[in-house]
Amino acid sequence: MLLLAVGAYVIAAARRPDGGRQVYGIALFVCIVLLGLALGHLLTGRAPATLTLPLGLPWLGAHFRLDALAAFFLIVVNLGGAVASLFALGYGQHERAPERVLPFFPAFLAGMNLVLLADNAFTFLFAWEFMSLSSWALVMAHHQEPANARAGYLYLVMACFGTLALLLAFGLLAGPDGGYDFAAIRAGTVSPGFAALVLALALLGAGSKAGLVPLHVWLPLAHPAAPSHVSALMSGVMTKVAVYGFIRIVFDLLGEPVLWWWGGLVLALGGITAVLGVLYALMQHDLKRLLAYHTVENIGIIFIGLGLALAFQANQMYASAALALTAALFHVFNHSLFKSLLFLGAGAVLTATGERDMERLGGLIHSMPWTALAFLIGSAAISALPPLNGFVSEWLTFQAILISPELPQWLLKFLVPAVGALLALSAALAAACFVKAFGITFLGRPRSPAVAQARETDRYSLVAMFVLASLCLLAGILPGLVVDGLAPVVGLLNGGARLIPQHHQPWLTLVPVVDVKSTYNGLLVLLFMALSGFAAAFLIHRLASAAVRRGPAWDCGFPDANPAFQYTAGSFAQPIRRVFGSVVFQARERVKMPPPGDLQPARLEVKLHDPIWERGYAPIAHAVVAISTRFNYLQYLTIRRYLSLVFGALVLLLLGMVLWR
Amino acid sequence: MLHGLAFDVAHLLAGGMVIASFLLLYQDRLSALINVFALHSLVLVLAVAWQAFIQEAHHLYVTAGIALVFKVLIIPTALHRIIRRLGIHRTLEVVGGVGLNMLAGAALVALAILVMLPVTATADPLAREDLAFALAVVLLGLLLMVIRHNAVSLVIGFMSLENGLVLAAAGARGMPLAVEISIAFSVLIALIVIGIFLFRIRERFDSVDMQAMDAFREKRRR
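If you read the protein sequences in the order shown, they are chains C and U.
For the first sequence, counting from 1, position 508 maps to 508 in my numbering; every step adds exactly one.
For the second sequence, counting from 1, position 96 maps to 1096 in my numbering; every step adds exactly one.
Everything labelled a hint here was simulated from the structure, so no lab data went into it.
Fair warning: this is a prediction, and the values are worked out from it, not measured in the lab.
We treat Cβ as the ideally placed atom computed from N, Cα and C, and that holds for glycine.
Hints may be right or wrong, so weigh each one.
[Stated by the list, open to error] To give an idea of the chain U side of the interface with chain C (calculated C-beta under 7 Å), a few residues:
(1) L1111
(2) L1114
(3) V1115
(4) L1142
(5) M1145
(6) V1146
If we strip away everything but chain C, and leave its shape as in the complex, we get:
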């Protein structure tokens, strides 16, 4: 069955019909089939299914395996893929260059699925690179814009770097005998030094794809450059495939002897990623880029959960590790839901208005009410507001953080609460950021004529967005079911230990550890919010006035208010820029007043520096350019010189071989 599904994918990838609807329809169908298969596998708890194809390296073949972990991530990938395909049924009609998107879209989906199913290092790396390259092609779909070309170049460099790191990691795992089969790697053991090296390489390789902080630079450029349904896939789903790679290598393949400082390292990286991601996002006024920076933040939250799980596992606290792992995996699922939803919403806004810059949007709630509602639900979910799903996973992460005083290592005792503070800060800043994103985009008055002309988006897109929005709500009020669904995955990664079954808790309450600590009931919160909301509305309308009145907005005494008088994204972010940006980004503001009598407007200039780019990447880029300029003359030698170089190198190597022996 699995083979058939993958085969159908390959056919879908190979064919290239004229109508985009066919491609997206097939992709939708195959995604739903795969989603059903994966759900069936995860819920029935079947034994892992394996499949060997005589492809790839002759002595290795292509091994595929479907276990609980792969099944869970297959659900994430194919849910995202199905919704993106559904959205694209409508959105794809507006595509300027469909021939640059259609062939790569199913290939991208197939690549992600293959990564999850791969059961040896060769197949894994091949699928990983396939996924990278097909998504690169999608990023470059609108390659005429110079910014996109730069984003694509940076993405390609970082993707190659990441694959190289993973290649080395698998090389170390396989050992000198070259046991590249995952079963052989699991059975073997790695010395502690090599294991730490593998962890570092996995962090580099998977982290560069997921967007961990020093390696995130390509992500906010590349994700928004692709068409919006692809952005949703890249941000919502592909980063999860990277998380899968990390989990597979570190939790599954590397095996048991876990050292406590690994957890500390991953935790610290996660915390820094979460806060820096959201700070970057706050400084952004491009809607899609803002969302991409939020992906960085959420990856940080996921890695906080994974780091906690590693720290607990190192101390044999498997029950706590199960909680942290559940939190991380739950957040993986949640983030794929609401980030896809938000990107689809941004895509709907983009097609309706042709604008991504928030300073030129505004007032869209009047012309696009349904899109606005879906976007609002997504914003509330990503801001971790109850009763939506984002709250549940962050709450679980906090529960895991609250157990941390039981850890024996003093460094972790101090580090974990600090990371908890970072997490709380990032959650609060994310809420602020989405107040900005939703408020500036959808509320107020249109800031440009094109936006005033906007129309509601098509039905396919709306259905896709509302599927995701309702899933966000469902996962928020019925978290116990999701936690139970995750239990086999957690058990697989955690030596059998998992959370207690939640579905027979009374009233759908979520009880992560023991009753005495704390519990959460999403349904109750929803009921309370609904009741208090209705009661307040009822009382106000009853006691005050029931009539709907429309009056002129208060204009501060300036009649005929221009839309430019409104609060802007820049002004909303200004207090936060003052507090955090002046340190992190060395933000400097300068007000330029024209001299008296000059009719020029006054200007407010804001200068931001990207510390990671300027300190980390720019020196490397300079060094590479300097070295290649030095060696540039090698490109202009004569044929005989080249031949002599080859000959000389060969003779030198042979001489070295003779002398070395």
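Model the placement of chain U on the given structure of chain C, informed by the hints.
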């Protein structure tokens, strides 16, 4: 008894190829160079056929046959026609310091033996000697390509290098026939392409001397 004879003959033929390579290195007249190359290939054919006989590997006869048809007959004939059409068949190529080149060649042969004999200590002595000679032929072919200016000589150097590879493959219990055939065809196609290029180069620069071409290269950028 037969083993001793088999070893001696194989040794003789492989050594003959190295000698032919030295002849190539020394020969400065183009048409004579092509003839020596035909001789080089003929020795290769004999060596491969002998390997086929003593290893009882019949597909190596096919290899030898392909080499005979292509490298002994077709390619030298084609090269003769090319240089005649180009009118350079009487050209004497200036090869500076023949003695020095021969010394360099001798050093390369010594290097090849020094590299190969310790590495293949456990291998069959027959294959060992063959591999050492084959590496020597490859290195001499590269040396020929480095020291010559004329494009036709470069082609000959390349082809002799390829002969060395075939010798190595035949000695090491042969390679799959499909690989052999595809290599033979690729060499033939390389010859065609190079032939066409020679005429194009000639049209453009009035010469097939590589130094003349270098003069036309764009200035080195800083």
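Hints, verified against the model:
1. L1111: holds, 6 Å
2. L1114: holds, 5 Å
3. V1115: holds, 5 Å
4. L1142: holds, 5 Å
5. M1145: Hint holds; M1145(U) Cβ to chain C Cβ min 5 Å, cut 7 Å.
6. V1146: holds, 5 Å
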